[in-house]
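2 protein chains.
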Amino acid sequence: MGAKGNLVVGQSGGPTAVINNSLVGVIHEAMEHAEIEGIYGMLHGIAGIMNQEFADLRRESPETLELLRYTPASALGTVRYKVTDDDYPRILQVFKAHNVRYFFYIGGNDSMDTTNKISQVAEREGYELHCIGVPKTVDNDLAMTDHCPGYGSAARFVAAAIRNTALDTEAMGDSGPLKLMEIMGRHAGWLVAATALARQADDDPPHLIYLPEHPVTLEKVIEDVRVVYERHGFCVAAVSEGVTGPEGKAIGDTAAPVEVDAFGHKALGGVVDTIADAIRESLGLRARMDKPGYLQRSFAELASPVDREEAYAVGRAAVRVAVKGETGKMVTLARQPGQGYVWETGLAPLSEVANKERKMPREYIDDDGNDVTPAFIEYARPLIGGPLLTYARLAKHPYPQR
Amino acid sequence: MGAKGNLVVGQSGGPTAVINNSLVGVIHEAMEHAEIEGIYGMLHGIAGIMNQEFADLRRESPETLELLRYTPASALGTVRYKVTDDDYPRILQVFKAHNVRYFFYIGGNDSMDTTNKISQVAEREGYELHCIGVPKTVDNDLAMTDHCPGYGSAARFVAAAIRNTALDTEAMGDSGPLKLMEIMGRHAGWLVAATALARQADDDPPHLIYLPEHPVTLEKVIEDVRVVYERHGFCVAAVSEGVTGPEGKAIGDTAAPVEVDAFGHKALGGVVDTIADAIRESLGLRARMDKPGYLQRSFAELASPVDREEAYAVGRAAVRVAVKGETGKMVTLARQPGQGYVWETGLAPLSEVANKERKMPREYIDDDGNDVTPAFIEYARPLIGGPLLTYARLAKHPYPQR
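So the sequences go chain by chain: X and V.
Using the working numbering, read the first sequence as starting at 1468 and increasing by one per residue.
Using the working numbering, read the second sequence as starting at 1468 and increasing by one per residue.
In short, the hints are calculated from the structure, not lab data.
These figures come from a predicted structure and were not determined experimentally.
Any given hint could be a false lead.
[To be verified] Calculated lysine to any residue pairs in the SDA-like style (CA-CA distance at most 25 Å, straight line):
id: 1; chain 1: V; residue 1: K1863; chain 2: X; residue 2: T1531
id: 2; chain 1: X; residue 1: K1863; chain 2: V; residue 2: G1751
id: 3; chain 1: X; residue 1: K1563; chain 2: V; residue 2: G1751
id: 4; chain 1: X; residue 1: K1863; chain 2: V; residue 2: A1501
id: 5; chain 1: X; residue 1: K1549; chain 2: V; residue 2: G1751
id: 6; chain 1: V; residue 1: K1563; chain 2: X; residue 2: Y1866
Chain X on its own, in the form it takes in the complex (with noise of 0.2 Å):
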């Protein structure tokens, strides 16, 4: 059993549609646990434990946290700082000046690995601490879970995106027929695969998909644009905005000027304008663009039901298990085997999770590299949490001419 104490949580890396639920299902849990005294909201991730700047979460109202649930981004605040060998003793000692015996950080792998470290460095100094990773990520790569929440809200969006700009460009027939969107997702195709979810039958767009496990040269896009554009008149593609020619190089091997964030991640963009250049060149036709950008991870109008109810489940669970003495763990979401989506939580070690990237298997790509496959879709459908819209389409019976 853990010991009596505070409560510190908080969010890091780029927010969700969802990941206020998991800061709530933290909050709720925490409040039916004895050994939880003050419950500790750090502001703007691992710099609110730096500057002691802490909000006292039971204050809250039940309304502000029931609303909580539907409102996106981090309400905490996030942060992108990448936490050194000489933060670890400062944060130790700010834990133990606010009796903090629960640390639970909601995040991706560079959180996790952060939470991993908080713990070692509190069971070196024989300090009980309980340390618990809440997974958090639209990209979809953190190892040892099935799926991550705040994917299965950004898929929505991005598969209903890329049906509605879709079926505006089908509209424009000669007027504009190619659309390039560019999606998120530096390393993993997760997010850009799961535009195929807006399919509902096998020709339906997108037409095309490239995702960064694959490289690609620019010549075989074109190649691919016109075989679609010649076939069905119009060509919508979703394009990886992590995508790279072979080698690892840039598409196109033009040197864009690349930003480095403080993790070393390039901050990258441009890979749409290059492949929408080409084009230009090689058909002679304007390929239209859509950036959606940081609307792919905040749009809570597309929120995936279940993934709401999953980030929820994933911040109670974490608090649940740090109360029965667990440390160094990440919660999990698992599928159960059979018939329909059925869903739990588990635990994996952190040092499993830390750091790490799941990419997109081979099997859910198709061997031409350029669209995703059965398997893709059956693993991605249950995640966005029912069917998009009803749309129609005109049967446009001819009349003949005169």
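Fit chain V to the supplied structure of chain X, relying on the hints for placement.
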């Protein structure tokens, strides 16, 4: 009273989330009038007449028509083709061959010009033809009408979008405090102005709104951003794709490659990139960008219920007045004075609408040129059809430091 004969209806220009409502309105109303025999849908606008590509809309099922009211983009296909004087005789020839006596064109100011000219040519030749324009444009720039069907839904989308991305930006804190969203609207700022509907309190984002009606210098924008950032710790700006520098020059005087469509309209873009580059250079901060592009006019999930009803009503009204004998008119939307939002349809001469652009009046733009006025909010608020989702904000009562 109108002659007995066939009806032709078409859609033109950029699609909207509710343009199919106007089509269904025309079909539903036409079915109630004995004067109207065949209901012809022209495929891809005026091209459908030239090529005699007509769909028999009487054969569409009631279920299809009902679902079409919730389906975005132009179900008949649209076109951007500038009708020339040489085309009108051919159009009239086709109409005569098919005994077409009613013509309805759902579109923007170019389409109103086309409709007007077809009406004039028929009149000159003594051929009875009732031509009525049905307004449609997310740009909201048609003259003689209080607002345009399609605008309310696009307005609802951009308001929701900027609110969501603003929450994301605020949550990022110092890790990404600047956001620019690029909004459609070549010459009129109605849509970018609608992002102001995201606000619940005065200080809420968007903090800055830049419209085509008010030229700005890069220096002014950078200073605006700096002031907002210093006050709030983050800054969210809505930027029209049509924003220019003084004297109609491109902002920042960059000579970006410009494409011109069949109407001589420039294909814009790049304004936001120019601003982002300037901010980076001057303030040393990276501004993140969202470019939702064609989602703004196709996102049916965010369609305004009011807009949907109005789009349907203008379609029905067009047929009603045509059957009564009108021609050369456009259906308008009029707002009744007094408490609450009450609308009705009206009529305006096509000659007063054709090829005209209604820009934002001065009293809707604030003195500093970077925001809208309360008068605009009062004008636009009812059009988005009800409030956005209710979001919560943590009170964040601080814990004392130790």
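Exercise. Okay, which hints does this one fail, numbers in order?
Worked result: Of the numbered hints given earlier, those the structure breaks are 2 and 3, listed in rising order.
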